[in-house]
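> Chain by chain, the residues:
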Amino acid sequence: MKQFWALIRRDLRLSFRQRADSLMVAGFFAVTVILFPFGVGPEPGVLERIGAGVLWVTALLAALLSLEHVFADDAQDGALDLLLSSPLPDSVIVAAKIVSHWLTTGVPLIILAPILGVTLQMPSSSIGPVMLALALGTPTLSLIGAIGAALTLSARRRGVLLPLIVLPLYIPVLIFGVGAIDAAVMGFDNSRLYAVLAGFLLISGALCPWAAAAALRAARL
Amino acid sequence: MFEGLTLSLAAGEALIVTGPNGSGKSTLLRILAGLLEPYAGEVKIGHGDTDSMCFAGHLDGLKGALTVAENLSFWAEIYGADGGALHDAISLMDLAAVADMPADMLSAGWRRRAGLARLLLSGAATWVLDEPFTALDKENVARLDGVLTQHLESGGALVLATHQETALRAQHRIDMRNFAPAQPLIQDGGW
Chain A
124 MKQFWALIRR DLRLSFRQRA DSLMVAGFFA VTVILFPFGV GPEPGVLERI
174 GAGVLWVTAL LAALLSLEHV FADDAQDGAL DLLLSSPLPD SVIVAAKIVS
224 HWLTTGVPLI ILAPILGVTL QMPSSSIGPV MLALALGTPT LSLIGAIGAA
274 LTLSARRRGV LLPLIVLPLY IPVLIFGVGA IDAAVMGFDN SRLYAVLAGF
324 LLISGALCPW AAAAALRAAR L
Chain B
16 MFEGLTLSLA AGEALIVTGP NGSGKSTLLR ILAGLLEPYA GEVKIGHGDT
66 DSMCFAGHLD GLKGALTVAE NLSFWAEIYG ADGGALHDAI SLMDLAAVAD
116 MPADMLSAGW RRRAGLARLL LSGAATWVLD EPFTALDKEN VARLDGVLTQ
166 HLESGGALVL ATHQETALRA QHRIDMRNFA PAQPLIQDGG W
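Quick note, the sequences are listed as chains A and B, same order.
So for the first sequence, our numbering puts the first residue at 124; every next one is plus one.
So for the second sequence, our numbering puts the first residue at 16; every next one is plus one.
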């Protein structure tokens with residue numbers, strides 16, 4: 124467990140030193156969301172209607188941008204081989220990489236989303252649901268994404284292959300994530316939708332580290 | 016790559032693996048380190064666990080944005096080594112001068128030494144080293160020889176792939192040329 128936190132601390136320190144990656148993801152998220160009011164036009168009602176969907180789809184794409192680096196950086200400088208041959212269980216290594224991916228790319232999205240919601244004319248009552256839905260959904264994105272990142276580690280065109288593998292798996296999170304925000308905006312009880320998102324998180328949290336560790340071994344062997 | 020290779024190593028013994036480029040030295044070492052699965056055969060280390068093994072390959076695994084001390088204290092935490100071991104590793108590899116420099120700014124020889132200092136933190140009984148002398152100058156080759164000898168004297172085992180002649184006294188030597196498969200892997204012609 125101490126090693127688990129040591130690995131996360133190292134990754135956080137690295138991403139703090141090399142802020143470009145986190146900033147790029149947050150910047151992509153912000154710029155893409157801001158494009159929508161320009162593209163769709165300012166008519167009231169339209170933006171409000173699509174706001175939740177825009178936030179979620181953009182968040183998926185932003186998370187995807189950084190997935191490539193989850194294992195690739197460590198593979199390139201040899202640290203991954205050294206970690207895999209250390210006494211640390213593979214699934215612990217993978218879980219730590221997933222947690223640090225979420226902390227460096229998921230958390231900035233959660234913080235930015237309510238601000239960007241304003242540009243989409245989303246009501247102020249949606250701030251809480253937007254943040255909660257993203258907080259429950261984005262860890263699942265990192266968890267599922269890690270499997271794709273591990274599978275494509277030794278692939279030549281992984282930038283193209285990774286979205287093809289991962290995006291279809293993101294659809295359930297997208298559907299329930301958008302549903303949770305929309306229901307809250309329309310004043311319905313959305314606690315069940317949160318529960319579904321939390322369920323996805325628990326299931327993927329239990330399975331994905333092992334699946335990604337197996338994929339990683341297969342990719343390295 | 017190779018076949019029919021059997022080797023065993025007791026505590027305090029060293030094995031030097033030689034052979035031309037592409038003869039499978041690195042492959043053999045990666046198999047020993049558990050990073051590759053052999054097509055046939057098996058590897059046993061210690062009492063059946065690979066935890067007492069530490070691997071150092073061509074790449075040092077150093078993070079360029081972190082200082083040498085930060086890199087090493089990360090590995091110390093991974094291997095569960097204490098601050099004393101970290102201090103010893105830095106002084107044994109003579110890294111004190113660059114401890115607070117980002118690994119990015121180091122020359123190849125310094126990086127190599129910083130990478131190899133990790134071995135001292137691992138507390139592993141078996142060291143598997145792939146070309147550890149690359150980029151080291153004469154003085155540091157001697158320093159590394161000293162560290163390796165000390166490891167052997169304290170009951171550790173050592174597998175070393177190298178092109179360079181080393182002053183290290185090795186009980187075993189294998190030449191990968193003797194284990195080349197009878198059938199070449201890639202045959203000419205025959206579309």
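You may find that some hints are simply not true.
As the list claims (entries may be wrong) - Just a sample of chain A residues kept apart from chain B, beta carbon distances all over 10 Å, derived:
(1) Arg-136
(2) Ala-202
(3) Leu-205
(4) Ser-208
(5) Leu-226
(6) Asp-312
(7) Leu-325
Unchecked claim - Going by beta-carbon spacing under 10 Å, a handful of chain A positions derived as facing chain B:
(8) Lys-125
(9) Asp-196
(10) Gln-199
FYI, nobody ran anything at the bench for these hints, they're computed from the structure.
All figures in this text were calculated on a predicted structure; none of them were measured in a lab.
Just so it is clear, CB atoms sit at the ideal spot from N, CA and C, and this is done for glycine as well.
> Compare the structure with the hints numbered earlier in the document and write down the numbers of the violated ones, lowest to highest.
Checked against the structure, the hints that fail are numbers 1, 2, 3 and 4, while the rest are satisfied.
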